[in-house]
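Let the hints inform the model, and build the full structure from the sequences given.
Mapped onto our numbering, the consecutive letters of the sequence shown carry residue numbers 3 to 462.
Derived from the structure by calculation, the hints contain no laboratory data.
For each residue, glycine too, the CB sits at the ideal point set by N, CA and C.
A portion of the hints provided could be inaccurate.
Claimed, not checked - Quick list of simulated restraints, FRET-style, between CB atoms:
| no. | residue 1 | residue 2 | range |
| --- | --- | --- | --- |
| 1 | Asp234 | Thr305 | 20 to 28 Å |
| 2 | Leu171 | Ser56 | 24 to 32 Å |
| 3 | Asp238 | Lys364 | 41 to 49 Å |
| 4 | Tyr206 | Asp234 | 35 to 43 Å |
| 5 | Phe100 | Gln243 | 40 to 48 Å |
| 6 | Ser65 | Ser260 | 27 to 35 Å |
| 7 | Gln261 | Tyr417 | 52 to 60 Å |
| 8 | Asp217 | Lys364 | 15 to 23 Å |
Said to hold, decoys possible - Here are the simulated lysine-lysine pairs, BS3-like style, with alpha carbons at most 25 Å apart:
| no. | residue 1 | residue 2 |
| --- | --- | --- |
| 9 | Lys325 | Lys310 |
| 10 | Lys281 | Lys155 |
| 11 | Lys424 | Lys340 |
| 12 | Lys202 | Lys239 |
| 13 | Lys421 | Lys442 |
| 14 | Lys310 | Lys340 |
| 15 | Lys462 | Lys430 |
| 16 | Lys364 | Lys392 |
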Amino acid sequence: MVNKILITFFFVFQGLLTFSHNIDIQIDNYPSDRIYMHQYYGNTSILLDSIFKSNKHFIIKKSDLSDGLYFITSFQDKVLAEFVVSVNEPDFSIRFDFNKMGEKIQIQNSNENSLLQLYHSQLLYYSGLIQGIQNAAENYEENTEDYLFLKHKIDTLENESLQFQEGILKSNPKSLVALLIEMALEPKVSIEIKDEASKKSYFYTYRNAFLENIDFKDNRLLYINNFVPRLDLYLDKLIPQNKDSVIYHLSDILGKTSQNLALNKYLKGYFIEKYYNSKVLEADAVFVDIAENYLNADTSLLTEKRQKYLEEAHSIRPLLIGKIAPNLQNLIDKDAKKHNLYNLASKFTVIYFFRPDCSSCKQSIEPLKRILSKHQNNGLSIVAICNKYKEEVSTCWDYIKTYQLENWFVLSDPYFLSKYEKQYRVIKTPLIYLLDAEKKILLKEISAEQLEELIDNYIK
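This is how it looks when you write it as structure tokens:
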């Protein structure tokens, strides 16, 4: 389903040179009178129009198409064909047989689309051969003569496929297919890995080359399907996943796209949503920083979600790693004694929000018990806050007996006095925070199993 915000983006960003296009599509044996036209857009696609058949032809007449990669789908929502739209080739035709999908598509009056079909057919050819040999290789032990022979055949075919693609880059460097290939190919690194030093050198050379040759001023980048995935790979796998590193690289990418206004604006919105939804540690810090900076600088950005994201950033900021955790007051134990988080003298505190009827919470108990057993002598305490109210609070105290949690601080807030749900964004349970002696947040929103893996990095 197309997100309405993306449709808004599309019409806002039609700042490219427009031209009158006349695209004739004929689909033999197609059992419907309608096809659907889509445009790739960043990491998604936009439904542009439904086209009705007229005298056995589907005619697309438009004057607002940006140069890029498009596709048509059937009444069954299946992709029928991809095609290139170029200002240099406004009139062309496509013909294929619905009953022979995958066979050659006939193109007239478009070198771009002839090249695209050649590219698709050759990739399909090589991938089919390689997959068949890989399946055959599974029947042999590794490093046997037959296995090595088949492995050599795979290497040969992969090299042939690479040479074919590099040939397109040389013969048609300005084509859209060349742009697609550039986004798909990995950097070549001529460093032999011999030891740890050469391994690091290889990695940094690879990373530095990953985005090096991209022309970020190319307006077509926004309208192909493999540019944003390349950025995602770079941001997710090739750079350190801490706030400062990520923000630096985001700023670098946006700086490179500063002359490509449509792409620059799209990426700002995309990055905000990417890090808002990310589960990576410190992604929330990235979100808070870029949401406040980008949205306050441009009030036309993400207009339908702008206020939501600004409010979320304001809510998350006090809970970022490195911040002093909000105090928890007016919590009571099973004897109705009041407790205050800041008065708890522990070198380390695990805050564990739970519900007695939460199955995932029950799975957290054993890892937390092991953590406390290992680190209690190092000054670790567990504050378990039961997310039940009024007459249901009795189930919190039953939890202590059922799971033998007498050495935990099991607390509740029967009458909503502490407002901990808002302070700590307790949207779901279990929810875990790790604090130091000053109640500074060290870790947050991780599972008990993850905490068990990471806690030794903080408690020596």
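Right, here's what the structure says about each hint:
In this structure, Asp234 and Thr305 meet the distance hint of 20 to 28 Å, their C-beta atoms being roughly 24 Å apart. Leu171 and Ser56 have their C-beta atoms about 39 Å apart, which leaves the hinted 24 to 32 Å range violated. In this structure the hint that Asp238 and Lys364 lie 41 to 49 Å apart at CB is violated, the actual value being about 32 Å. Distance hint check: the CB atoms of Tyr206 and Asp234 are about 20 Å apart, inconsistent with the given range 35 to 43 Å.
The supplied range of 40 to 48 Å is met by Phe100 and Gln243, whose beta-carbon atoms lie about 46 Å from each other. For Ser65 paired with Ser260, a C-beta distance near 28 Å keeps the hint of 27 to 35 Å intact. Between Gln261 and Tyr417 the Cβ separation comes to about 58 Å, which falls inside the hinted range of 52 to 60 Å. At roughly 54 Å, the beta carbons of Asp217 and Lys364 sit outside the given window of 15 to 23 Å.
With a C-alpha separation of about 23 Å, the suggested pair Lys325 and Lys310 falls inside the 25 Å cut-off, and the hint holds. Of the supplied pair hints, the one linking Lys281 and Lys155 is violated, its CA atoms being roughly 41 Å apart against a limit of 25 Å. Taking the CA atoms of Lys424 and Lys340, the gap is about 20 Å. The hint holds against a cut of 25 Å. With a CA separation close to 15 Å, the supplied pair Lys202 and Lys239 stays within the 25 Å bound.
For a cut-off of 25 Å, the pair hint linking Lys421 to Lys442 stands: about 19 Å separates their Cα positions. With a CA separation close to 35 Å, the supplied pair Lys310 and Lys340 exceeds the 25 Å bound. In summary, the hint linking Lys462 to Lys430 is not supported, as the alpha carbons are separated by about 31 Å, beyond the 25 Å threshold. At most 25 Å may separate the alpha-carbon atoms for a hinted pair to count; Lys364 and Lys392 meet this at roughly 22 Å.
In summary, the structure is inconsistent with hints 2, 3, 4, 8, 10, 14, 15 from the numbered list given earlier, while agreeing with the others.
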